[in-house]
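*Asks:* Sequence:
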Amino acid sequence: MPDLPVAQTLHRKGHWTGSPLRCRLSYDDRFLRRKVLSTLDDLRFLVDLDHTESLDHGDALELTDGRLIEVIAAEEELTEITGPDLVRLAWHVGNRHTPCQIEAGRLLIQRNHVMADMLTRLGATLRDVVEPFTPEGGAYGHGRTHSHDH
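My numbering applies: residue 1004 is where the sequence shown begins, and numbers increase by one.
None of these hints come from the bench; they were simulated from the model. None of these values were measured; they are calculated from a predicted model. All residues carry an ideal CB built from backbone N, CA and C; glycine is no exception. Careful, some of the hints might be misleading.
Between beta-carbon pairs, the in silico distance windows are [unchecked claim]: (1) L1007 / H1095: 41 to 51 Å; (2) G1069 / V1132: 32 to 42 Å; (3) R1109 / P1008: 34 to 44 Å; (4) T1012 / S1041: 33 to 43 Å; (5) D1045 / L1125: 15 to 25 Å; (6) Q1011 / V1090: 12 to 22 Å.
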């Protein structure tokens, strides 16, 4: 690999300031430890963190030269879920350990025909959308939800 700038420090949203470069990543791409990425200005850099992290929209990676790169949630193909009993629908989504963005009047999940079939049978109204995806993190701390395996 040519000499790329290296990011080894992660700053969480609200804990950094400045005028950063920006890097747009999907939800799946925001789960990483070591990877070559590019900013919106085509600066290639290496992320080399101590352990795997779930990066959130608004977090920043700090290059060893001090420059900051803000993480931006990319637009993705999602399913919008609405219905008269949104709490019940959210329970079924969560029961299947499916990442879910929860808002006052809707839920958003990554497109999945099996989930769509189940939700339709439960009375949900579904609509395909393309938007940034920022699902809820885990209940016991920062990051993603995982299976019940411990």
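*Asks:* Could you run down the list of hints and mark each one as holding or not?
*Replies:* Right, here's what the structure says about each hint:
As the Cβ distance of L1007 to H1095 is approximately 44 Å, the hint placing it in 41 to 51 Å holds. Our hint of 32 to 42 Å for G1069 and V1132 holds, since their Cβ atoms are close to 38 Å apart. At about 39 Å, the beta-carbon gap between R1109 and P1008 stays in the expected band of 34 to 44 Å. Look at T1012 against S1041: about 19 Å separates their beta carbons, and that is not inside 33 to 43 Å.
The beta-carbon spacing between D1045 and L1125, approximately 45 Å, falls outside the hinted interval of 15 to 25 Å. Here the CB-CB span from Q1011 to V1090 is close to 42 Å, at odds with the stated 12 to 22 Å.
Hint check: violations occur at hints 4, 5 and 6; the rest are consistent with the structure.
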